[in-house]
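Turn these sequences into a full structure, and let the hints guide you.
First to last, the sequence lines map onto chains A and B. In terms of the numbering used here, the first sequence is residues 1 to 186. In terms of the numbering used here, the second sequence is residues 1 to 650.
By construction, these hints were calculated from the structure, which means they are not laboratory data. There's no promise every hint is true.
[As the list claims (entries may be wrong)] Short derived list, chain A residues pointing at chain B, Cβ under 10 Å:
1. N24
2. N37
3. F39
4. S76
5. P78
6. M113
7. F115
8. E128
9. I156
10. T158
11. K160
12. I162
13. K165
Beta carbons are placed, not taken as given, at the ideal position from N, Cα and C, and that holds for glycine.
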Amino acid sequence: MYRKIFFIILLLVFSFVLYSEDFNRLNISTYVIKNINTFDKSWNNPKGICFDISTNYRKINFIVDLFYTDFQKKTSVPDFKITSIALGIGKEKIQIYKNFYMKSYLLIGNNLMKFEKEQTPGINYESEIGISYKFAMSYAISQKFSINLNFFEQRIFTRKRILLKWFGLSFSYEIVTPEFIQSFLR
Amino acid sequence: MKSIYFLLILILFVNLQAKSASSEDYLFRISKEEMDAKGLGKLSDIFFLVNGFDFATIDGYNHSIGYNVGDTYQTQNYSVFINENEIKFNDFEKININTIPINYTSINEIIIKNDPLILGNFQIHIFTKENIEKLSISGKFDVGNETGDPGPYKYTKYYSPNVDRVGFYNESNVALKLHNLELNCSFIDEEITYTDFAIRKRIHGMTSEGYGSVERNSIFASCGYLLKNNNLKLSFFQNKNEHEFLFFAPLGREVPINNTSYQTTFSFENLVSKNICGNVTYYEHLIETIKNPENISIDLLEKNWNGSVDLNNKNNRFQIRNRLKFEMNKLSFFKNENQIEENIFGISSNIKQIWSNCYETSIAVNLIKNEKEWHQKFQLLNEMKFKKNYFARLSFTYEHFDSKYKKNAWNYLIDDGELFEEKRIEIIDDTESRKSKIFNSSLELRKNYRSGFCRFQCKFSKQKNILFTEQDFALQKNYACFSDDLKITDNNEGILSEVSIEIEKKSFYKWNQNFYARYIYLIESNELFKNKFKERPQLTINYSVLYSYYNDFVIHNQIRWEAETEWNEYRRISGMTIEGKNILPVILEHKINDKFIWNSVITKKFWKKQIFSSLIIRNVLNNKINYHPIGASFDLTFFIKISYKFDIIN
Numbered sequence: 001m002y003r004k005i006f007f008i009i010l011l012l013v014f015s016f017v018l019y020s021e022d023f024n025r026l027n028i029s030t031y032v033i034k035n036i037n038t039f040d041k042s043w044n045n046p047k048g049i050c051f052d053i054s055t056n057y058r059k060i061n062f063i064v065d066l067f068y069t070d071f072q073k074k075t076s077v078p079d080f081k082i083t084s085i086a087l088g089i090g091k092e093k094i095q096i097y098k099n100f101y102m103k104s105y106l107l108i109g110n111n112l113m114k115f116e117k118e119q120t121p122g123i124n125y126e127s128e129i130g131i132s133y134k135f136a137m138s139y140a141i142s143q144k145f146s147i148n149l150n151f152f153e154q155r156i157f158t159r160k161r162i163l164l165k166w167f168g169l170s171f172s173y174e175i176v177t178p179e180f181i182q183s184f185l186r
Numbered sequence: 001m002k003s004i005y006f007l008l009i010l011i012l013f014v015n016l017q018a019k020s021a022s023s024e025d026y027l028f029r030i031s032k033e034e035m036d037a038k039g040l041g042k043l044s045d046i047f048f049l050v051n052g053f054d055f056a057t058i059d060g061y062n063h064s065i066g067y068n069v070g071d072t073y074q075t076q077n078y079s080v081f082i083n084e085n086e087i088k089f090n091d092f093e094k095i096n097i098n099t100i101p102i103n104y105t106s107i108n109e110i111i112i113k114n115d116p117l118i119l120g121n122f123q124i125h126i127f128t129k130e131n132i133e134k135l136s137i138s139g140k141f142d143v144g145n146e147t148g149d150p151g152p153y154k155y156t157k158y159y160s161p162n163v164d165r166v167g168f169y170n171e172s173n174v175a176l177k178l179h180n181l182e183l184n185c186s187f188i189d190e191e192i193t194y195t196d197f198a199i200r201k202r203i204h205g206m207t208s209e210g211y212g213s214v215e216r217n218s219i220f221a222s223c224g225y226l227l228k229n230n231n232l233k234l235s236f237f238q239n240k241n242e243h244e245f246l247f248f249a250p251l252g253r254e255v256p257i258n259n260t261s262y263q264t265t266f267s268f269e270n271l272v273s274k275n276i277c278g279n280v281t282y283y284e285h286l287i288e289t290i291k292n293p294e295n296i297s298i299d300l301l302e303k304n305w306n307g308s309v310d311l312n313n314k315n316n317r318f319q320i321r322n323r324l325k326f327e328m329n330k331l332s333f334f335k336n337e338n339q340i341e342e343n344i345f346g347i348s349s350n351i352k353q354i355w356s357n358c359y360e361t362s363i364a365v366n367l368i369k370n371e372k373e374w375h376q377k378f379q380l381l382n383e384m385k386f387k388k389n390y391f392a393r394l395s396f397t398y399e400h401f402d403s404k405y406k407k408n409a410w411n412y413l414i415d416d417g418e419l420f421e422e423k424r425i426e427i428i429d430d431t432e433s434r435k436s437k438i439f440n441s442s443l444e445l446r447k448n449y450r451s452g453f454c455r456f457q458c459k460f461s462k463q464k465n466i467l468f469t470e471q472d473f474a475l476q477k478n479y480a481c482f483s484d485d486l487k488i489t490d491n492n493e494g495i496l497s498e499v500s501i502e503i504e505k506k507s508f509y510k511w512n513q514n515f516y517a518r519y520i521y522l523i524e525s526n527e528l529f530k531n532k533f534k535e536r537p538q539l540t541i542n543y544s545v546l547y548s549y550y551n552d553f554v555i556h557n558q559i560r561w562e563a564e565t566e567w568n569e570y571r572r573i574s575g576m577t578i579e580g581k582n583i584l585p586v587i588l589e590h591k592i593n594d595k596f597i598w599n600s601v602i603t604k605k606f607w608k609k610q611i612f613s614s615l616i617i618r619n620v621l622n623n624k625i626n627y628h629p630i631g632a633s634f635d636l637t638f639f640i641k642i643s644y645k646f647d648i649i650n
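Shown next, in the form of structure tokens:
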């Protein structure tokens with residue numbers, strides 16, 4: 001367990017490592033998302049929450065993404081929760097029409113799956129690599145604040161792949177990266 | 001014999017005519033920056049990063065490699081050096097490069113050389129950083145993960161066991177400079193796991209401690225002192241692997257051992273005269289077999305004293321290097337209480353004549369003598385420069401030696417079947433002390449551009465009386481491999497040729513692309529030589545592209561394709577399935593399909609480049625990759641690496 005926590009901390013550290021040089025803008029987003037496909041009939045289609053921070057680096061954007069969801073059992077299998085942290089890269093937002101923008105990211109990360117303890121004696125968690133693709137249509141309400149419609153596809157590399165598709169709404173707020181963070185990270 | 005004395009007198013005479021030091025030639029060089037950008041996770045990754053290497057591995061920890069045209073995975077004829085000190089660590093004459101006690105953060109560069117003064121095909125030289133100003137502290141943490149766990153499917157009809165795990169790796173280094181004194185100390189702590197289905201099944205039951213993982217501890221410490229112009233250095237190297245499962249070829253299976261090696265080297269430069277340098281080394285290697293139900297024991301104690309003295313001279317027309325060397329080897333097998341001792345003496349010389357700025361010729365002679373007879377290696381090298389950017393190199397090497405000239409652990413094993421007293425295998429020795437003869441030639445043409453280079457290489461190798469061991473592996477009921485007999489023949493011969501092309505192009509300062517293709521062709525051989533040759537891929541194509549953004553953010557992608565290989569010794573196990581509780585069935589094949597591998601590395605430095613971080617993704621496409629018929633299958637794996645370096649300057 002400690003190694004998993006250590007691993008997640010390292011991922012977090014790594015993600016902040018990317019925030020150097022002239023990363024002068026941080027875009028913070030909070031999502032509410034709904035699973036729209038059924039990866040296995042034994043579990044429901046849950047809702048999830050997601051939090052990400054992206055920043056500009058020349059003409060590309062880096063993103064660190066935190067995600068949480070809770071799958072409820074429909075048969076005699078245990079419930080399980082997925083907590084994931086992922087790092088991604090994407091093109092700077094593209095203007096489609098006036099205040100409408102498009103964003104997309106490709107992410108790779110670690111998915112910590114924790115199972116209901118009563119039904120799984122011994123180890124009740126597992127960690128697996130995942131790749132995900134995020135697409136968002138964004139409407140800028142003001143210079144800093146925007147509202148986004150998101151489509152999110154996630155593949156977790158278990159022996160039989162888990163494919164999860166999500167649809168949701170998010171709100172983004174952009175800030176100037178605090179100087180002390182920039183100077184520390186450079 | 002007279003000719004040898006004549007040669008020695010000639011060498012001595014030419015030495016007296018010249019003064020000063022020697023020049024260096026290398027086949028390949030990889031710098032610290034390149035290693036960082038390309039994601040050197042463990043030392044064996046250089047077999048991936050350096051063009052021309054082929055390798056086979058059963059567990060991802062031990063590797064058999066091929067580099068030159070005539071190399072097979074059985075003849076592992078190379079050596080590893082740290083700061084010019086040869087590291088003698090080996091297991092039955094096979095080097096496991098991952099046990100070399102070097103701290104990655106302190107590596108400055110790795111050079112692949114073919115030094116004519118050393119018997120063997122090539123040498124891997126690792127150089128650590130020098131010129132520490134005052135105090136330097138560094139640390140590194142690696143963690144990784146491999147795909148293939150069941151996840152929630154564990155509770156459904158798609159059940160599969162929880163298997164894959166990548167061990168951790170930590171290292172730390174302190175270097176200190178006080179006036180003329182330099183101190184350096186490195187520690188490595190690593191865990192290597194055995195999680196592959198096939199390996200787990202084979203090693204299951206061999207130890208009461210479960211499937212296990214290797215716990216590795218390494219130390220590298222050195223103390224250098226500059227006395228006037230004399231550079232004196234004392235170095236200590238140690239590697240300890242606990243609970244290692246060493247694949248022991250004669251038995252065809254893993255044996256649980258505790259494996260400890262240490263070495264102390266005293267080296268000096270400019271001690272008596274400006275041109276003299278040398279070293280004295282003591283090496284000890286202890287293998288202790290862990291008690292196992294099969295009662296297999298390969299306990300071994302190896303002690304070795306060796307040393308060399310170099311005389312280097314140079315003037316405008318000549319560069320001369322001479323080396324005198326000795327080796328005292330003592331080997332004890334605990335099982336039969338046998339001991340063997342051997343003394344080896346050697347002399348070698350390399351004379352380079354610089355005819356003009358455009359043409360150089362180099363001649364090398366290498367002679368080794370054990371208690372019985374001499375063994376020789378001769379090399380002739382011509383280097384030519386045409387105009388400014390064209391370069392050509394033509395070399396001929398001839399070796400004449402007895403494969404069993406050195407009484408090492410491996411040769412002892414095949415000479416003395418007592419170790420296999422329970423007749424697990426029968427040793428059939430068809431050898432008649434025939435001397436191996438190897439003739440190699442190579443032609444290299446290179447054109448340098450402003451933004452890269454283009455290199456064409458053509459190699460030819462003729463080998464005669466080569467010693468090979470041949471086994472016919474099968475599976476036991478418990479899925480462990482075994483072989484009925486081990487046949488040794490030394491009348492194998494083959495003629496091979498190799499063609500390779502390498503193009504490197506740097507676009508602007510950001511993009512760096514490298515394309516490499518190599519084709520090996522067997523012209524003529526006997527059957528066994530042909531079978532050994534087929535274990536290496538005939539055709540290899542490698543393309544890598546590096547994108548560097550302000551030097552502190554680098555993305556590197558490597559795409560590699562290798563042709564299929566065939567392992568004739570394992571043909572009897574082909575089509576068999578390993579299955580059991582908590583494992584997925586594994587179908588074994590003696591032919592390994594062609595491999596298409598995509599590796600990706602993203603690195604970023606921050607905090608004034610003191611913190612270095614990288615994300616390494618191996619086998620992005622998650623193809624099933626095998627490097628040995630009974631070896632592990634390597635899935636998509638990713639590693640996170642963070643290293644920290646802190647220097648106090650002045």
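What are the numbers of the hints that this structure violates, sorted from low to high?
-> 1, 2, 13
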